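In the order they appear, the protein sequences are chains A and B. Counted the way the working numbering counts, the first sequence spans residues 396 to 723. Counted the way the working numbering counts, the second sequence spans residues 396 to 723.
For the record, the hints were derived by calculation from the structure and aren't laboratory data. Keep in mind that a hint or two might mislead.
Note that the list lumps identical chains together, so a pair holds whenever it fits in one copy or between two copies.
[Said to hold, decoys possible] Lysine-lysine pairs mimicking DSS-like chemistry, simulated, CA-CA at most 25 Å apart:
1) 666 to 639
2) 706 to 529
3) 642 to 716
4) 580 to 462
5) 696 to 659
6) 639 to 612
7) 642 to 666
8) 642 to 659
9) 486 to 447
10) 543 to 586
11) 706 to 718
12) 647 to 666
13) 659 to 647
14) 528 to 647
These numbers come from a predicted model, not from an experiment.
Number of protein chains: 2
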Amino acid sequence: MKIVVDAMGGDYAPQNVVAGVIDAVKEYHVCVSLVGLSDAIELELKKYSYPKSLIEVIHAPEVVAMKDPATVVIRQKRQSSISVGMALLKKEGYSAFVSAGNTGACVAASTFILGMIPGVDRPGIGCIMPSLKKFTFIIDVGANTAAKPEHILQYAKMAKVYAQSVLGRETPSIGLLNIGEEECKGTGLEKEAHKLLEEKEPLFIGNIEANEMFVGKSDCIVCDGYVGNITLKVAEGLAESAGKLLKREIVKNPIAILGALLLKSSLSQAKKSVDYSEYGGAPLLGVDGLVLISHGRSSPKAIKNAIRSAKEQIEHNVLAKIKEEMVK
Amino acid sequence: MKIVVDAMGGDYAPQNVVAGVIDAVKEYHVCVSLVGLSDAIELELKKYSYPKSLIEVIHAPEVVAMKDPATVVIRQKRQSSISVGMALLKKEGYSAFVSAGNTGACVAASTFILGMIPGVDRPGIGCIMPSLKKFTFIIDVGANTAAKPEHILQYAKMAKVYAQSVLGRETPSIGLLNIGEEECKGTGLEKEAHKLLEEKEPLFIGNIEANEMFVGKSDCIVCDGYVGNITLKVAEGLAESAGKLLKREIVKNPIAILGALLLKSSLSQAKKSVDYSEYGGAPLLGVDGLVLISHGRSSPKAIKNAIRSAKEQIEHNVLAKIKEEMVK
Numbered sequence: 396m397k398i399v400v401d402a403m404g405g406d407y408a409p410q411n412v413v414a415g416v417i418d419a420v421k422e423y424h425v426c427v428s429l430v431g432l433s434d435a436i437e438l439e440l441k442k443y444s445y446p447k448s449l450i451e452v453i454h455a456p457e458v459v460a461m462k463d464p465a466t467v468v469i470r471q472k473r474q475s476s477i478s479v480g481m482a483l484l485k486k487e488g489y490s491a492f493v494s495a496g497n498t499g500a501c502v503a504a505s506t507f508i509l510g511m512i513p514g515v516d517r518p519g520i521g522c523i524m525p526s527l528k529k530f531t532f533i534i535d536v537g538a539n540t541a542a543k544p545e546h547i548l549q550y551a552k553m554a555k556v557y558a559q560s561v562l563g564r565e566t567p568s569i570g571l572l573n574i575g576e577e578e579c580k581g582t583g584l585e586k587e588a589h590k591l592l593e594e595k596e597p598l599f600i601g602n603i604e605a606n607e608m609f610v611g612k613s614d615c616i617v618c619d620g621y622v623g624n625i626t627l628k629v630a631e632g633l634a635e636s637a638g639k640l641l642k643r644e645i646v647k648n649p650i651a652i653l654g655a656l657l658l659k660s661s662l663s664q665a666k667k668s669v670d671y672s673e674y675g676g677a678p679l680l681g682v683d684g685l686v687l688i689s690h691g692r693s694s695p696k697a698i699k700n701a702i703r704s705a706k707e708q709i710e711h712n713v714l715a716k717i718k719e720e721m722v723k
Numbered sequence: 396m397k398i399v400v401d402a403m404g405g406d407y408a409p410q411n412v413v414a415g416v417i418d419a420v421k422e423y424h425v426c427v428s429l430v431g432l433s434d435a436i437e438l439e440l441k442k443y444s445y446p447k448s449l450i451e452v453i454h455a456p457e458v459v460a461m462k463d464p465a466t467v468v469i470r471q472k473r474q475s476s477i478s479v480g481m482a483l484l485k486k487e488g489y490s491a492f493v494s495a496g497n498t499g500a501c502v503a504a505s506t507f508i509l510g511m512i513p514g515v516d517r518p519g520i521g522c523i524m525p526s527l528k529k530f531t532f533i534i535d536v537g538a539n540t541a542a543k544p545e546h547i548l549q550y551a552k553m554a555k556v557y558a559q560s561v562l563g564r565e566t567p568s569i570g571l572l573n574i575g576e577e578e579c580k581g582t583g584l585e586k587e588a589h590k591l592l593e594e595k596e597p598l599f600i601g602n603i604e605a606n607e608m609f610v611g612k613s614d615c616i617v618c619d620g621y622v623g624n625i626t627l628k629v630a631e632g633l634a635e636s637a638g639k640l641l642k643r644e645i646v647k648n649p650i651a652i653l654g655a656l657l658l659k660s661s662l663s664q665a666k667k668s669v670d671y672s673e674y675g676g677a678p679l680l681g682v683d684g685l686v687l688i689s690h691g692r693s694s695p696k697a698i699k700n701a702i703r704s705a706k707e708q709i710e711h712n713v714l715a716k717i718k719e720e721m722v723k
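Okay, chain A solo, but in the shape it has when bound (with noise of 0.2 Å):
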């Protein structure tokens, strides 16, 4: 088992990729490949004593930078981190890649270089969201900002995979992210979704408001890619405004400053299971690959969290499974 790792991913590349890539070896006991620049890699390498056998350096030439359009990576820049991270991951051994960085440029990297599951039409980017009950699987939250009601389904039933293998789930239940309960809500894409959920996929629950997400009325939730991504980023930006906000009125008060220090564990516990960085990186489903995208802005904890949660998928054969499902 060997993970590809893009070493010029993410806002802090190659410095947190690599302090993530080096707990997660000696943590998890896994072979990483790191792909980039590879003096800047070495660079980083030195820092650290590691067992040699377990991490490698693969050179590409080229960085795709976050604000590159996601076709670069087969246009322009073919020499990339991603690019060549993801054409390492067709070869025998190499079992899943991990990038924080460009999200659309991984998503086209892989569509183009690994192709489309059979019976599958475009990827979808899986995240998990915390709820008060366990968390909740949500796809996709935006690799297709386009998505027709067949490929509402056919996350749905890459959901129910992911959320049985990986999620421990046996019958998870299936909602459609929507703006109200009632079949007759939504876009015309909702509607035809919800039709379609009804009639072919069993777990399907039905229409499953914003708000109800967070209690966790399902254990997975399907929408189009514009919407999940906009849902993803709400949740991100309220989570630490709310944060900062709490912390602006503390200060004010001597009082509440020492209650804020006898809370501290409690609330780092609450923090723990809200913290994106917990659950590393998101499945990137429906591409012939196991791929993962990780949060641009990763922490070193982030990286490693994501090449323990792609240790997770190769060990519960995730891509075999989706394949098998899709074309039931």
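Chain A is already provided as a structure; the job is to place chain B on it using the hints.
What follows is chain B alone, placed relative to chain A:
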């Protein structure tokens, strides 16, 4: 100045509505016309002492349920509190309509009974969102789930007037909700709306990502009603669940309980700044009358604040100013 209030609107009607109206007439000295089942309203009113001259009761024999389809007010229930109340607003002396009832029905009734302002094709619901800097005015959060680029431009113009006259922002910046900063981002709608806004609205500052909204990157945000509604509900659901999650952690630990007690005033201060009930109703802009829609779960305080907000809009002459802007 008489404000028409739908006594039958919301999950706790007429109790919460009447309680909120009582507080409002006492505090703001406005005249309120309570519309709905007169017996039920009178029964509630009897519980309070209040200046009788400030409240009139107008009987409407039908009640729109929260689950009724929007068109019910036009087809089956033309004598509902929403339809009767909206018709009152066309008479002289009645200046605004407030309802915590079925949002779709309020939108349908106001469009049908009041008609649109010249230059506006579709109504939009505006909403105040908390942010680290003051707050952001977002429109549309659910009136029109099939927005066209020209509707988005109209929302921008109306938002500008609202922010200027009600929120006191002299030159409010306007952002387009999107999944990335670049103008090539989003679906066809966002790309075309971006072009149109850039051409025709000098205060347009470009795309705003959903997570940036809470930082207060722009004074106003425009978007399609489907995405806006999801945004609103994600924020609402997350805020509520995060509070519950934190409580759950706190009660596990006696030291944390003490900490929470010491933090109480800071927490309630922070909570106050993100509490929808502080802001009152959401204005329905674009129809030819002042209409405010309150949350279905409105507390008496939320109803009271919606009436305060209606009063402010009347005093600031918002409707006339929007009409003026739209024919420029």
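Verification of the hints:
no.	hint	verdict
1	666 to 639	both (13 Å within a copy, 13 Å between copies)
2	706 to 529	within (21 Å within a copy, 45 Å between copies)
3	642 to 716	neither (46 Å within a copy, 39 Å between copies)
4	580 to 462	between (36 Å within a copy, 11 Å between copies)
5	696 to 659	within (20 Å within a copy, 33 Å between copies)
6	639 to 612	between (29 Å within a copy, 15 Å between copies)
7	642 to 666	both (14 Å within a copy, 12 Å between copies)
8	642 to 659	both (12 Å within a copy, 13 Å between copies)
9	486 to 447	within (22 Å within a copy, 83 Å between copies)
10	543 to 586	both (11 Å within a copy, 19 Å between copies)
11	706 to 718	within (18 Å within a copy, 61 Å between copies)
12	647 to 666	both (22 Å within a copy, 15 Å between copies)
13	659 to 647	both (18 Å within a copy, 13 Å between copies)
14	528 to 647	between (34 Å within a copy, 17 Å between copies)
Consistency with the previously given hints fails for number 3 only.
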